[in-house]
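Model the full assembly from the supplied sequences, consistent with the hints where possible.
Going down the list, the protein sequences come from chains A and B. Take the first sequence: its letters are residues 1 to 99, numbered as in our numbering. Take the second sequence: its letters are residues 100 to 554, numbered as in our numbering.
If you are wondering where the hints come from, they were derived from the structure by calculation, not from laboratory data. Where hints are given, some of them may not hold.
Only part of the chain B face toward chain A is listed, based on derived beta-carbon distances under 10 Å [stated by the list, open to error]:
| no. | residue |
| --- | --- |
| 1 | 112 |
| 2 | 174 |
| 3 | 186 |
| 4 | 314 |
Quick reminder that beta carbons are idealized off the backbone N, C-alpha and C, glycines included.
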Amino acid sequence: MIDGFTALYLFMLAAFTGYEVISRVPVILHTPLMSGSNFVHGIVLVGAMVALGDARTDVERVIGFIGVLLATMNVVGGYVVTERMLAMFKKGKPDRVRG
Amino acid sequence: MAERLVQSSYFIASILFIFGLKRMSSPITARGGILWAGAGMLVAILSTFLTPGLQNIALILVAIAIGGGVAWVSGRRVGMTDMPQMVAIYNGMGGGAAAAIAAIELLRGPGSFETVAAIAGLGALIGAVSFSGSMIAFAKLQGLINHSWRFRGQQTLNLLVLGASVVAGIAAVREGSALTVVLFFALALVYGVLMTLPIGGADMPVVISLFNACTGLAVGLEGYVLNNAAMIIAGTVVGAAGTLLTQLMAKAMNRSLAHVLFSGFGEELGVPIAGPAGKSLKPIDATDAAIMLAYSGTVIIVPGYGMAVAQAQHKIAELAKLLEAHGVDVMFAIHPVAGRMPGHMNVLLAEAGVPYEKLHDLEEVNAAFAHADVALVIGANDVVNPSARTDTASPIYGMPILNADEAKNVIVIKRGRGAGFSGIENTLFYGDNTRMLYGDAQDVVNHLIQELKAL
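Listed below in structure tokens is the structure:
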């Protein structure tokens, strides 16, 4: 169990990390980065899996099922969309313009 | 043993997420970044199946299969121009999942520590608002909702609904009765809808980014409830990074976040304001425009949302190539908030094969306009409106703009005569050196290409 103060420290350090990690992002990466961070909070899937895996009543199972369903869409959709956006950044495209 | 394996995998996943995000914030390493984060996600998900005492595994697998299949197909099929609303909808799903986790926790009643239940409740509120708000943002960008609901006392009503959902939330945390929990979630979902409805399309990117940060925070909070370190770290990191990103976007539009959320500006007003007295719009046809372009020394292309709507990026890349064959120096001027999202234009033009070195930021390119023979504005409006520099009464006064009006000639490709996305009349269009080329961006550019080839 993470106790109160450890939790607060963890929260503070993670928040600073998030702020620092993207503080020098160029404008062209704003949208892909938003999409990428959208993918990362898809980690809620592991929580939803644990919640459904621990569900004891039918109501809990239904809610848990919805949770896993939504979280998986966050993960898979977030990944696909981000990957497609970032694929535009690969090198060797200019030859298409020069013909 | 299994527990330790799960915990180690979460530790590794957290590191991979942070490195992945770090890499995604530089163009050179960005592509690798999503792979790092993806690897972290895969490790975390697979090892979660080893969690001791995990039941309902068949249900979990079915939910993953359905959700994964639907998201994979929709994410693959959607056009590049529709990416912003897809980010919104997938983000809303994450918020909904966080709310679902909280719902199970709250329904179990105050048996657990009250602090834990309170954290679950806070995460539920944020997650539910993010869920319904993101759905509205999606519907607006997708064109399913065209109307912005605004009425007197709207902010008061919203505040009351928020207040009521907080009260219901406190009751749900203390009692955990089905009634209070259902009421709590209903009110939180309604609040998300109400707060997003009056916000105009132009401000949607900022709002989506805000909901993205909210979902991150909700995931982090539910991480405390489930004692799951990977969720705490990934959620909080995204919450903080998303907040910064939201501020950066709002700043690029010279608007405060409060203004975006509560002012209701940023939507077509429907009533175009009359143009400056004694000035009129001067049309030009494609033939003349093509000749003007072909015999220029320098042409600066300013793309905007109209280009994205018309899917004209490929034609524009072709046009640029043709002009270069005519010995014209072609540059692209990208405003930070051109299109629906910062970076929207870059992504589309890169897709069409325009080399990165031709895309220039506002700061780089603004000095170049004075030396350019033609500024070709394609479906952009507010980002080239000179009244942002001069007219203190204008709602966009102070927003950094591209100084297209300083070019010797300006050609504006525009669908119709109406005002732009913000409903503000654009004085650039009435300039003595400005000519209007009406039509759908793709058709018009296609016309220009034909004319250039014929020269």
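(request) Starting from the hint list further up, note which numbers the structure goes against and sort them upward. (result) none
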